[in-house]
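Asker: Residue numbers (UniProt numbering): 1 to 463.
Please keep in mind that the hints were generated in silico from the structure rather than gathered at the bench. Since the model is a prediction, treat every value here as computed from it, not as a measurement. Treat each hint with caution, since some may be false.
What the hints assert, rightly or not - Here are the computed distance ranges between Cβ atoms for each label pair:
hint: 1; residue 1: 57; residue 2: 146; range: 19 to 29 Å
hint: 2; residue 1: 77; residue 2: 97; range: 21 to 31 Å
hint: 3; residue 1: 203; residue 2: 386; range: 35 to 45 Å
As the list claims (entries may be wrong) - EDC-like mimics (lysine to aspartate or glutamate), calculated; alpha carbons at most 16 Å apart, straight line:
hint: 4; residue 1: 357; residue 2: 402
hint: 5; residue 1: 315; residue 2: 195
hint: 6; residue 1: 387; residue 2: 219
hint: 7; residue 1: 315; residue 2: 59
hint: 8; residue 1: 357; residue 2: 337
hint: 9; residue 1: 357; residue 2: 313
All C-beta atoms in this analysis are idealised placements derived from N, C-alpha and C, irrespective of residue type, glycine included.
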Amino acid sequence: MVVGPCVTRTRERAGRLLAVAGLLAGLAGCTGAGGGGGIVPGLPGAARSPGDAIRVSPEDGAREVPADGRLEVRVDDGRLERVTVTRTVDGRRSAVPGAVAADGRSWRPAAGTRLALAARYAVDAVALDGDGHRSARHTAFATAVPESRFIGYFTPENRATVGSGMIVSFGFSRPVTNRAAVERAIRITADPPVEVVGHWFGAERLDFRPERYWAAGTEVTVELALRDVEGAPGVYGVQDRTVGFTVDRSQVSRVDAAAHTMEVRRDGRLLATLPVTAGAPGTTTYNGRMVITELYDVTRMNGATVGFGGEYDIKDVPHAMRLTESGTFVHGNYWADPETFGAANASHGCVGLRDVKGGGSDTPAGWFFDRSLVGDVVEVVNSRDRKVAPDNGLGGWNTPWDRWRSGSALTRPAPAPTPAPSPTRTPLTAPARTSATTPARTSAETPVQTPARTPATTPAAGP
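All chains, full assembly: derive it from the sequences and hints.
Answerer: What follows is the structure, given as structure tokens:
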């Protein structure tokens, strides 16, 4: 599932979550009911639609691309309006210089430009065909890392400003077997201070978060001391640097799929209650807390990329905000009857907000988009679906704190204290048994500053 911004103006503040655990591949598409697996570290490929007008080399989802690999964007019909190529190395993103040819059919990097090794690249292109219709394409690929070395791709980017639900996520270029050594080499501190604990999802992904959402204004520092750390037999780290990010404010939005509403709260205060449409029966939306990881002014959503065949292919979905790696978005919807919003669930799993073609700033979708950051939380309740998996996007807030800690290679739950032996004899007749009540489990996702509020995996809620 890939997002292809049609206006190609991907917001700087959005960053690119999957510079960490795997970049997006394919076409953006909401997923359907009961979703499947989570983020696959690396670059999962996606089926290309036969109707794709924009061709990119290297192919979407490619890995181990050599430094002399060919980088090119082409169209066979029409012309390229805009092409943006970015390179991310150690959390630092920079533009790749290049130009569109005079005939408008191709884009190539500036003469003498070679691909950087151990880097992630993202390509965003917009084209205009002969009939005046725009289409968008977003692709991503990774360049080669020497076999004896490993690196950690991480999110958020250095110096990013994010929402209070941001999870620090690392995706490693090689499987890690010496988890304790690698986790010990990554130190995350916060001001004001808070305990931050890692949790492994397989051998290639390590996420960090505090027990509750970050407090507004928190400054987070990430120290990487991976150079010469043996992550697996004969495979050593190369990174030795410090990066950081700032938590701007707390914004937690609560989608009630049964009531067809979304309450948007900023620092605990209700900003608005917006009418929405969630996943229809059979393509329901996941429940649980999800985190916005990307924002696109416009993107393409193709049902073929998430198992819906030819049910839909909308090339200009406005105000799209990704919630899961599997394809769940909050996005603008201009094609549904306006009376659907607030009254019925009609999507393929995404959360839809009323919008106009091209996206309007004064629509519910435009209003929410303009007030959102990567790292903001969207929680879905009362949907007839299961809870989103903790490794699908940044879904780690759905894991209770004690279980989260148990996923660290360094921190283990404290053993239960051994009761002292009783000095008195056990009576021959056992006392009457009283029914034990299990104390309510504290949610690891409860925001620090917000009382009650809070953000699919197989095909997610699509258009």
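Asker: Indicate, hint by hint, whether the structure satisfies it.
Answerer: Here is how each hint holds up against the structure:
1. 57 with 146: 19 to 29 Å: Cβ of residue 57 to Cβ of residue 146: about 23 Å, so the range 19 to 29 Å holds.
2. 77 with 97: 21 to 31 Å: Check passed, 26 Å falls within 21 to 31 Å.
3. 203 with 386: 35 to 45 Å: Since the Cβ atoms of residue 203 and residue 386 sit about 25 Å apart, the hinted range of 35 to 45 Å is violated.
4. 357 with 402: At roughly 46 Å apart (the allowed maximum being 16 Å), residue 402 and residue 357 break the hint.
5. 315 with 195: This hinted pair is violated, its Cα atoms lying about 43 Å apart.
6. 387 with 219: violated, 30 Å
7. 315 with 59: violated, 20 Å
8. 357 with 337: holds, 13 Å
9. 357 with 313: holds, 15 Å
Taken one by one, the earlier hints fail for this structure at numbers 3, 4, 5, 6, 7, listed in ascending order.
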